[in-house]
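Peer 1: Chain by chain, the residues run as shown.
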Amino acid sequence: MIASSARRQTGAGQMTAVVLFLPPAILLFTLFVVLPIVEAAWYGNYSWNGFGTPTNWVGFDNYRYVFEARAFGLALRNNVLIIVVSLLIQLPLALTLALMLAEKFRGAVALRMLFFLPYVLAEVATGLIFSFVYDGDYGLLASIYRVFGAEAPHLLASTQTSMLAILIVVVWKYFGFHMMLFIAALQGQDRNLIEAARIDGASRWQALRYVSIPLLYPTIRLSIFFAVVGSLQLFDLVMPLTRGGPADSSQTMVSFLYSHGVTRMRIGYGSAIGVILFVICATFAITYKRWFMRDE
Amino acid sequence: MNEPVRIGRRPPELATLYRVLFLTVVAAFVAVPLLATVLGGFKSLGELRTNPFGLPSEWEWENYADILTSRRYWRMLGNSFAISTMTSALALVVASMAAFVFAHLRFFGSRMLLNYFTMGLLFPAATAILPLFIKVRDLGLLDTYFGVVLPQVAFALAMSILLFRRFFKDLPTELLEAALVDGCTYPKFFRFVTLPLSRPILATVGTITFVHSWNAYLVPLVMLNSDSMYPWPLGIMVYQGEYTSDWHLILAFITLTILPTFLLFVFAQKHIVAGLTAGAVKG
Amino acid sequence: MNALNRSLLAGVALAFSAGTSLAQTTVKWLHLEVNPAQIKIWEEVAREFEAKNPGTKVEMQFLENESYKAKLPTLLQSNDRPHIIYSWAGGVLKAQVEAGVLQDISSQIGDVRDTISPAALAAFTVNGKTYGLPHAQSQTGFLYNKELMAKGSVDGSTIKTWEDLLGAVRKLKAAGVTPITVGGGDKWPLHFYWTNLAVRIGGKAAFEAALQGKDGGFEGETFQKAGEYMKQLVDLQPFQNGFLGFKNPQSTGFFGDGKAAMSLVISTVYHQQKALAADKVGITDDKLGWFDFPTVPGGKGAASDTLGGINGWLLTRGAPKTALDFVKHFVSKDVQMRLAGANFLIPVVKGADAGINNAFMRNIAQNLARSGYHQNFYDQDLGPSVGRVVNDATAELAGGSMTPRQVAKAVQDAWKQGN
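Chains as they are written, first to last, in numbering that gives the first Met the number 0: chain A, 0 to 295; chain B, 0 to 282; chain C, 0 to 418.
Bear in mind the hints are in silico, worked out from the structure with no lab data behind them. Since the structure is predicted, the reported quantities are computational estimates derived from the model, not experimental observations. Here a beta-carbon is modelled for each residue, glycine too, at the ideal position from N, C-alpha and C. Nothing false has been slipped in among the hints.
Covered stretches of chain C (chain A as the covering partner; in silico rule of three or more C-beta atoms under 8 Å from a C-beta of chain A):
(1) 61-74
(2) 238-247
(3) 375-387
(4) 391-398
Just a few of them, taken from the derived set where beta-carbon distance is under 10 Å, the chain C residues facing chain A:
(5) A94
(6) E97
(7) A98
(8) G99
(9) V100
(10) G183
(11) G184
(12) K186
(13) F253
(14) K258
(15) A409
(16) Q416
(17) G417
Start from the sequences and build out the full structure, keeping to the hints where you can.
Peer 2: This is the structure in structure tokens:
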């Protein structure tokens, strides 16, 4: 808060600052973030290959084609799967590790860093590393199978297992991030509360269950939020592993948009997918914040 | 000795054992693919097949040496470095200026304008990638660094502005008041007081935008055409397309391309962890 | 702030210096070739051209086949697009012409027009205007490994009918040999089956009827039957383990490593399998065989009909004249003879096939010369968007997630939606 006297004196200075400081951000943001999404809503009604101006108005046909596409259904299913795995496997794993590694012991910091490392690596590199791991011929998995005299499964090549293979990589890559969130929150907790509970006769487990974890609820809600948002934009990881295949079995919303919209230059169709994705993202973000993250 | 073991409480040694076991398994899960990648780059293709986990029987240094002496490797890293540096520098400048206004000045519509920027948190760049492509094309920026940099900066703005704004608001307000009374202008105050005091947040935001840009794939993939402009995530995919099953070369290439990230991570752990989890503290 | 400013400026400076070139003409040439031995000749050709034309630089750019197809639509929209791009002609070419990204070179090729096979040149001509020059043709058919075939007591040269092929697959499987390898991850290698079958079942007439929407279009009997025949094969599980994850170069390498008995491929795989084999030797000529795609009972197509490509180089709009000069040089008889002599291609320049110096490629050349109906690859011929659907759908058929009827319907639906 600025003292009112000062504000009066510098009314003109204020305007200078506003006029000088805001336009670059407004311009960039409007041009590259807001306009494109507005244009997507517009292009979505045309059949257009990007050359000239869109003239072939098709109304809601593009949306109908999207909803009728088998790949779209699979992409949606896969995005839900990623969220489910994030909640049921990644989150408990991250929380358990955080509880172990928030304490001080030799090697704790090194382990934290090791677990966080995959998060820092690029998705593309991660995808390539795992396409090696899963390679049916030269891969790590294949050689383990060979030790037991069995023929290696090609996880990425089967419609049944391709998504499973990707889910494993998703956990590998992102659990460390969620773990770090929990560790940061745990270290911010008031140790006295836990001490007090212990003095009152609570077991370690009880102190954890009834004091530490409830204090983590806001972080857990946040972690869920990130898991969902992350799932909705998953793309880079999928490309080197499966490109959404085989037979669209590992398509995500964004890879579907890329392979069926961008690479075919179907601007209208791709824009329609984008609009649907936008509606899903925005609806989720707004409702989730309203319902679960009110206080934060 | 004869004390009955209480149910629900194992002897501490056992608990520790379980914990060590669990941590070892997870550590192996994380580390083995990475180590196998690094070591795989030192093997011949034949050995990779028979001995994927162990140390190479013969260290094939030329796999790495050939890449390190190739132009394409350095060109890729150079492109990535240029794009990421420009992205984070531009994001820092533009976002901090806007955030300064939002932190210290009230004017008609300022609240609305801030909400306008917050919209950027709602959806990823991928949703509007096709119109974004058309826009960049119409601006004549396809296949230029700026065609990648400007959209990346724009999509980084929302988060960056919020982070800066909160930090600026937490700076002691007496400073600003005193300075204004002394006749200092807002731009001067921003330049000579706010920014020097904001090193930590500059480092944090700079790290986030740099790392995101360094790793980015989709926007460069759509905007860039010539391989002389490719940043490394695109370059490595081309390399893989070229060498398909020569996994020993691909692994060496992966290792060398993630090396800069790894080094940065080791030397700037604090900023990176803080930076990448900072966005989280305020969603 | 100063440091920031400086790094920003440095970045801007870098951006500009990276984009500009020296004061000479640079011809940007985008290709897909993976065989280093062939690229070596191409590079020699480029260097010769540079030597003959001072101030010219030919810059080669590579993209892997599937990445190229994915990249092309965005690539062409840039003002900085490469001057020379690879093409399979067909509907994709038409779409590019309609988009106005190509250069009409009709009036500038007077000197080479008569040297090139008219059919090949026609493939690069849309509405009377020529946009590029062809440089090679190819045929799809089965490449086989004689040693592996012998293990299953199969003689590749006797496979004439679809039933022969199915029988061979059964025998090979019984003998523990992987009958066929295919790059199913890239999808298009799988569409070879469906389209070859359609060529055999319906011949030229069926395809042209489908284009005009007659006889049920691509949902008609010919195309449903093509799917049914393909399914007969798929049901035998003839492909290598994990075939839906194999990219085409991987599959080619797999064949070159002697891990599968057969592969339905473009004739150029003859040399590519050598380059992509782990030992860089691959299957040597004495162990390598070829048979044309088998016939089906009651098929209306002639056994001599072929499915394959006519490949060439397109000039994009705004390409310098030197770029066209280079393409002309590239399709000159001398260069074509050299490439044919190394058995990399079946030339399109008249008389250059005299350069072919082995039996394998000579056989392909004869097949193409005899062919009464040479069908271009569907995924190219039907245009960018429909072509992709053909690939998607046939890959799903191979993966068991679509029925023959659904495949035909998907293609017809896409055809109706247009590109």
